[in-house]
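A.B. asks: If you want the building blocks of each chain, they are given just below.
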Amino acid sequence: MAERTRIHYQAELVELEAHALGGIDLVVETLGRTLEAVQHRDVELAEMVIADDDRIDGRYLEVHQAILTLLARQAPVATDLRLIAALLHLIKSIERMGDQCVNIAKLIPLAGHEPPLDEAMLRDIVTMAKQVKGLLSQAKQAFATRDVELARDLVRGDDVVDNLNRECFRRAIEIGDTQDQREWAMTMLLVARALERMGDNAVDIGEQTAFVVTGLFEEFEDASHPQPAAR
Amino acid sequence: MTEERREAERGQAAQEPDGDGRRGLRRGIEVQHRDKAPQGSREKVFELKELSVHYGDNPAVRGISMEVFKHNVTALIGPSGCGKSTLIRCLNRMNDLVPSARVEGELLYHGEDLYGSKVDPVQVRKMIGMVFQKPNPFPKSIYDNIAFGPRILNMQGDMDEIVEKALRRGALWEEVKDRLDANAYGLSGGQQQRLCIARCIAVEPDTILMDEPCSALDPISTGKIEDLITELKQDYSIVIVTHNMQQAARVSDMTAFLIVELTADEKNRWGEIVEYDETEKIFTNPSDRRTEDYVSGKVG
Numbered sequence: 001m002a003e004r005t006r007i008h009y010q011a012e013l014v015e016l017e018a019h020a021l022g023g024i025d026l027v028v029e030t031l032g033r034t035l036e037a038v039q040h041r042d043v044e045l046a047e048m049v050i051a052d053d054d055r056i057d058g059r060y061l062e063v064h065q066a067i068l069t070l071l072a073r074q075a076p077v078a079t080d081l082r083l084i085a086a087l088l089h090l091i092k093s094i095e096r097m098g099d100q101c102v103n104i105a106k107l108i109p110l111a112g113h114e115p116p117l118d119e120a121m122l123r124d125i126v127t128m129a130k131q132v133k134g135l136l137s138q139a140k141q142a143f144a145t146r147d148v149e150l151a152r153d154l155v156r157g158d159d160v161v162d163n164l165n166r167e168c169f170r171r172a173i174e175i176g177d178t179q180d181q182r183e184w185a186m187t188m189l190l191v192a193r194a195l196e197r198m199g200d201n202a203v204d205i206g207e208q209t210a211f212v213v214t215g216l217f218e219e220f221e222d223a224s225h226p227q228p229a230a231r
Numbered sequence: 001m002t003e004e005r006r007e008a009e010r011g012q013a014a015q016e017p018d019g020d021g022r023r024g025l026r027r028g029i030e031v032q033h034r035d036k037a038p039q040g041s042r043e044k045v046f047e048l049k050e051l052s053v054h055y056g057d058n059p060a061v062r063g064i065s066m067e068v069f070k071h072n073v074t075a076l077i078g079p080s081g082c083g084k085s086t087l088i089r090c091l092n093r094m095n096d097l098v099p100s101a102r103v104e105g106e107l108l109y110h111g112e113d114l115y116g117s118k119v120d121p122v123q124v125r126k127m128i129g130m131v132f133q134k135p136n137p138f139p140k141s142i143y144d145n146i147a148f149g150p151r152i153l154n155m156q157g158d159m160d161e162i163v164e165k166a167l168r169r170g171a172l173w174e175e176v177k178d179r180l181d182a183n184a185y186g187l188s189g190g191q192q193q194r195l196c197i198a199r200c201i202a203v204e205p206d207t208i209l210m211d212e213p214c215s216a217l218d219p220i221s222t223g224k225i226e227d228l229i230t231e232l233k234q235d236y237s238i239v240i241v242t243h244n245m246q247q248a249a250r251v252s253d254m255t256a257f258l259i260v261e262l263t264a265d266e267k268n269r270w271g272e273i274v275e276y277d278e279t280e281k282i283f284t285n286p287s288d289r290r291t292e293d294y295v296s297g298k299v300g
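Protein chains in written order, with this note's numbering: chain A, 1 to 231; chain B, 1 to 300.
Pulled out of the complex, with its shape left as it was, chain A reads as follows:
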C-alpha cells in the first residue's frame, strides 16, 4: 500500500465537514426552542430565538470562508471536490432553516397572548416540528455516513410534514367566524409553511448526500414534475 500523503489537507476537510454538519445541530436546537415558544406563546423565548440566529449566520460565514480557502489553497478534485460543492449547498440550507425559525419566532407576538386557538391545529404544528427535527437528525446522519438509502428515506418523512401542512390548511378554512380565530389560523398557517420548507431543506441535504456518493445530482422529489418517482 502506498504511503498516505496530504495528511493536513485531509484533516482540514474532515474538520470542515464536521463544522458544517454541526450547523444542523444548531438548527435542531433552535427549532426546539422555537417550538416551545409557539406552544407556550412565549414572546421572550421567541426574541431569544431571533437574537440567536446570529450563531447560525456566523456558522454559515465560517464554513463559507473555509471552503473558499480550501478551494484556493488545496485545489480539491474528485470526491473531495464534490464534498466541497455539497457542503456549500448544505450550509446554505442550514442558514435558510435558521431564517425559517426566525420567521416563526416573529409570528409568535402576532398570534396574541390568549388567542382563540384550535388545539387540533396546534397539535399538528407541534407534530410537524418534531418530525422536522427527526428529519434533520436523519439528514445529518445520512450525510456523515454517506448513506444514500437513508438520505432517500427522508422523502417519506417529508411527506408526513407535507400532509400535516395540508391538514393545517383544511383546519384553518373551517376554524370559525370570528376575526381573532381567522387571524390566529392565518398566523399558524405561516408557521406550518415555514416548517414545511424546513422539511424540504432536509431533503435537499439528502440530495447532496447522493451527489457526493454518486456524482449525479438527482431531485428525490420534483414538484414541477409530480409523477411518482421510479426508485
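Beta-carbon label-pair distances, calculated as ranges:
#1 B:D181 / A:Q10: 51 to 59 Å
#2 A:I7 / B:A264: 24 to 32 Å
#3 B:D158 / A:H89: 57 to 65 Å
Honestly, the hints are just simulated from the structure, not real lab data. For each residue, glycine too, the CB sits at the ideal point set by N, CA and C.
Starting from the structure of chain A, add chain B where the hints point.
C.D. replies: Frame of chain A; chain B shown alone:
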C-alpha cells in the same frame, strides 16, 4: 370544480416551494461525464491496441489500449516510472532510436499501422512532432531554428513567411520579430520552449507530442504554453505527458491515468492504464479508486 377538489389544490399549492426556484430542475440531471471527445471530433488519430514496450527483457508498458481523438488535448498522467514517456515516444517512433526497445501490439495512425514495414520514420516525425521537457533549440539563430526543418524537407514557399507564420502560431513572433538573427540560446526558458513548439509547427505536422513541456518553466511561462496548447488544438491534435495534475485538468480534454505494476518478487515493473476518460470525469468523478487517490494527491 367540486369544493373538495378546490381545497385539495389549495392544499397542494400551500406545500409547494416558494420563489427561490430550488425545485425547478428535472430529475437525474447528469452533471458529469457527458460523452467522450467533448471538444473535437470523434475522429481517431491514434488507436492503440494491446500495445506493449520492452527494453531488452524488461517490460516498460503493457496492454495499453486507447484512442486519441483529433483536435483533442490528451493528457497522460501517472507516477514516475509508469511509462508515460515510453508511451508518448511510441507515438512518433522515437523508441526506434533505442536499440533495445521492442514495441508489440498494434498502433494505428489515421488507420494505418505506424510500425508497418513501408512507413518512413522521418515522415512520421514530420507529421508527429515532439516537444521535450527541457527546451532544446539548436545553437543557431532564431530564424534558422525555425527554417531548419522546412529547408531539410525542401518545403515550397517563401521561407520568411514560413518562419513568421510558425513564430506567430507559437505565440513568439511579437517578442522576437526584431531579433530573428539573434542566437536562440539568448531567449528565456519559456521563450525557448515556445521556439521549440514553433519549430515543430513549421514543418506542418498533424499531431504534437509534448513530454512535460512546462516542468522546467516558471508559472508565467507555463501559463503562456498552456494558452498556446489550447489555441493549437484547433489545428492540431496534442498529446501531453505531465506531472502537474492541475495542468492536465486545465488543458486536456481526455486524460489517461497509468500506474506502475510490479511482479510478486518486485524484480520487474511496468506501466498499465488504470482509467482513460474525459478529463472532467477523471477530476470530478473517477471510476477507479486508484485514479481518485492519485489525482487528489492522497498517495505518494
